[in-house]
Every structure is written in structure tokens, then in C-alpha cells.
Amino acid sequence: MMEISVTVNGTTYRREIEPRLLLIHFLRDDLRLTGSHWGCDTSNCGACVVWLDEIPVKSCTVLAAMADGHRVRTVEGLELKGAGEAGGGRLDPVQEGFAQCHGLQCGFCTPGMMMTARWLLDHDPDPSPEQIREAISGQICRCTGYENIVRAIQWASKHADGSDGSEAAQ
Amino acid sequence: MQVPAHVEYERATSVDHALGLLARYGPEARVLAGGHSLIPMMKLRLAQPETLVDINDLSELAGLGVTDGELRIGAMVRHAQLLDHAEAGELFAILHDAERVIADPIVRNWGTIGGSLCQADPSEDLSATFAALQATMIIRGLDGERSVAARDFHTGPYETVVRPGEILTEIRIALHPTIGPRTDPKTGPKTGGGPGSLRRGSAYQKVGRRVGDWPVGAAGAAVWLSDGTVAEVGIGLSAVGARHFSAAEAEDFLRGAPATAQAFEQAGQIAAEHCRPSSDQRGPADYKRHLARELTIRALDLALRRAQAAEPSGAERASGGPGGRPPGSNRTAR
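Each protein sequence line maps, in turn, to chains U and B.
Heads up, the first sequence stops at 213 in this note's numbering, and the numbers go up one at a time, no gaps.
Heads up, the second sequence stops at 369 in this note's numbering, and the numbers go up one at a time, no gaps.
The shape of chain U in the complex, shown without the other chains (with noise of 0.2 Å):
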């Protein structure tokens, strides 16, 4: 056993773990935090994919250890603290834009989806269709054909100031 500390959407956890558990495992059985799902097991599905430090990685390849010391963003730290009426959470643009334009259908793959979208906006706030494709191309959806998935990101491109949508809904 080994004692880690994973600072994961600015909650710093202190746990003891096994050296061999895997980083998605960490995240939904020790922290409980489900938000983040686990997929296929062999990094082809990206249904895992979380930031580790600043970068989007499969959270089923990484051990938990690694991140000792490091920081985890999960779709749970998607959310806009304390912006929303109600002094709630507010949803980021990416998420949003997954409602706005039905992005999902069961839901499987949409946390790592939101993942990689957030980082791609944040890098490129005004991707092409290919370029989300081509960002999204490690992540597999059983469901929408992925049309709408690319639809729901670049909505979040067009709306990035958080504004709700509704006078350009389409």
C-alpha cells in the first residue's frame, strides 16, 4: 500500500491504495466519483478520459499513482461554480451544447466526450468539423453517429461566454 495525494477539481484527497490500481478505479470506487466512466479496459474507448494535469488522457491506462502529486479534472469540474440563479452551478458551454443539440443518447461515452471537447476549445476555440472529429477520433459513441456530438461541440464554440443558447437555439 502506498499513500497518494490527487488533488481532483480543486479537492485535494488523501487515500491509501494499492500501487496497481488503475486511475479510473481510483476515481469512481475510492473517490465515488462515478462522472467518469469505465469503458472497454484496453484504451480504445475513451469513455475514461480525464485530465490529468492539463492534459485529456485514458484514466483506464494511467495508474492511480501517477497521479500522485498531480491534478484530475473529471466531468464532475466541468461546471461552473457558483454562477448559476440560484448561487448553484452553472453548466459549462460544452455541456450545454450536449443538451442543446442532442448530443447523447445513453450517455456511455459523454464524459469523456465533454473531456476532450473543453480541451479542444480551450486550445482551439473555433475548431472545424474535422478537427473535432479528428480530436474525438480516440473515443467511441455506439449511439448518435457522432453527428450530433460534433453539432454539440462547435454550439459550445459559438457560445463560449456561457450564454444559455436560447436566442440562437437552432
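Just so you know, the hints here were simulated from the structure itself, not pulled from any lab data.
Some hints could be false.
Quick look at which bits of chain B chain U covers, simulated, 3 or more residues with Cβ under 8 Å [claimed, not checked]:
| id | stretch |
| --- | --- |
| 1 | 39-46 |
| 2 | 80-93 |
Calculated from the model, a selection of chain U residues having no Cβ within reach of chain B, i.e. all distances over 12 Å [stated by the list, open to error]:
| id | residue |
| --- | --- |
| 3 | Asn52 |
| 4 | Thr54 |
| 5 | Leu74 |
| 6 | Gly120 |
| 7 | Glu139 |
| 8 | His145 |
| 9 | Cys186 |
| 10 | Gln197 |
| 11 | Asp204 |
Note that CB positions come from ideal geometry on N, CA and C, so glycine has one too.
Based on these hints, arrange chain B on the given structure of chain U.
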């Protein structure tokens, strides 16, 4: 549910510290870089190290740039960093060709150049790439540093010359080739021309079953042209059972020959004849041999076109700073 077997974990703070840890824990210790080859192998229990020595903090292995006439790529450089490094792609387009078809963007964010090479999969794209570029691997142990030609790096499937207690630290690619025969002194270059007058071009061609998959077959080529003649050439092959991931006989045929479609076809034929592909779930041997021929021709052809469009390599830019940019910082350029 795939979970690795019990393992101990140590995080190195320097290369020397890592070497000390490897010495202390012995031959059942493994270096953990990005982990995108090793961790899947551990989950399948195909690898069962007793101790992992994590080298992710070793920024001294993350350098990327031109120094002393060589492009130097630190072993901890992530695939995405190499793909985003404009100077590396300008010097050797084959590097970006290959990186663009390795796995997917998220895997490339964390997987490393050194890790891919040390995994030594017989279908590894970078092994053929660095064979084509006639790169040199720098390996460090407690007794010091040694260098090994990329073509001598692999000793078999999943085996390299890196011994227990050693670490691959860097890959170096000479900007100016050493002109001359590699395997047969009789087929030396027929025309001269110093390094300053050469035009350089390189390319990588891969056929896979799916985007991001391992190749069914792949070929890389690097050519240095002198007035329409092939002054020097490197051909790398992956997944087709080529010795040293290269096509030495085809290179010997091309050195000093005119850079023509006929010569490239002949070189492709020679490359195909000398590889020994095996039939497996990715395809039958005769198809892979066909790919070896066809992709060698295509890689040579694209490398030639790039060389013709290039400035003579005597006008090298001086240097690109160390470190490169963080992954994805230049994604629009992909």
C-alpha cells in the same frame, strides 16, 4: 475486469535516481514511462514486473530540438509533442506522417517515444521510422552512456538491447547523412556532392485495418538527392518481418541510382523479396508482402517529391529550443 498483478511503485526524481532504483530492485523492475504499452500488458498479465520505476517526472528526458547537427528526441517526449513540433516535421516529415497514424489523439497525449520503442512490438511504427532515418539510440546505465544504431536496437519481438538496469534516454537523427554503402562496398555512390548540396525528403505510408490500429504493413523512406541521383537513402519496414525493421538490399540498389519511378519500383520489389511476413489476424503473408512492395514505392515517391520541393540541406536553420511545446498547443496545424 483487467487489473495488473501486485506491483511495487517508485517514482524517480532524476535519471541517476532511476538507475539507482533499477539497480536496487533488480531485473524484475521495469521502467514506467507513459505506460500506454506496459500497463495494458500488465492488465493482461503478459507483463508482471515486481517494481515499476516511474520516470514521468524526468524533464531531462523530455528535450526536443536540434543540437550539434542532430535532431534529438528525449525518450519521455510524448507522441503529441513530437507531432506538434513544427521543426521536427519540417526536417523529417516522416516523423509527422508516422505520428499522425499512431493510436489516437488521447493515447498520443500520454504515450512516449521511448516507451513505444522499448515495447519493441514487431508492428511498431516508430521502429520503422527511426530505421529509415538511421537514427541512433542513447542508452544510459550506472557505468555510463552508450549509443546503438536504431537498426541494432531490437533483438527480437518485444526485446531490445536495453539491459536490466539501463534506460533509453534519447534518439538522435543526423541532419546530414553519412554518404556511402551500408552493406555492400561495391555499390557505393556513383556521384559525389557534399552534404551541403543535398535535398532531403522523407515519408511514411501505412495500411491498417482501422484508424489508429497497428499496421498490417508499413514503410518509411528517407532520401537525400544530389542532382536527381539518390545520394543516400533509408527504408524502414514495419509489421512485415523485415530484418532490423529495414530494407538494406533495396537501399543498396538505390544508392547512386537515378531517382526515377522505375528505380523505386525495383527497390520496392527487392524490399518485398527480402521481408518475411507471417500470416495472422491482420492479414495473410502474401498480402503483407504486397504491401511491403507497394508502400515502399509510395513512401519513396512521396519522399522524392518532398525532397524536390525542399531547400538544399546546406541551409539548415540553426537551432530549435529545447522542450518543444505542450501537447496540442498547435492542433490547428495538424
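Hints, one by one, checked against the model:
no.	hint	verdict
1	39-46	holds (count 7)
2	80-93	holds (count 3)
3	Asn52	holds (19 Å)
4	Thr54	holds (22 Å)
5	Leu74	holds (18 Å)
6	Gly120	holds (18 Å)
7	Glu139	holds (23 Å)
8	His145	holds (24 Å)
9	Cys186	holds (19 Å)
10	Gln197	holds (15 Å)
11	Asp204	holds (21 Å)
Against the hints set out earlier in the document, no violation occurs for any number.
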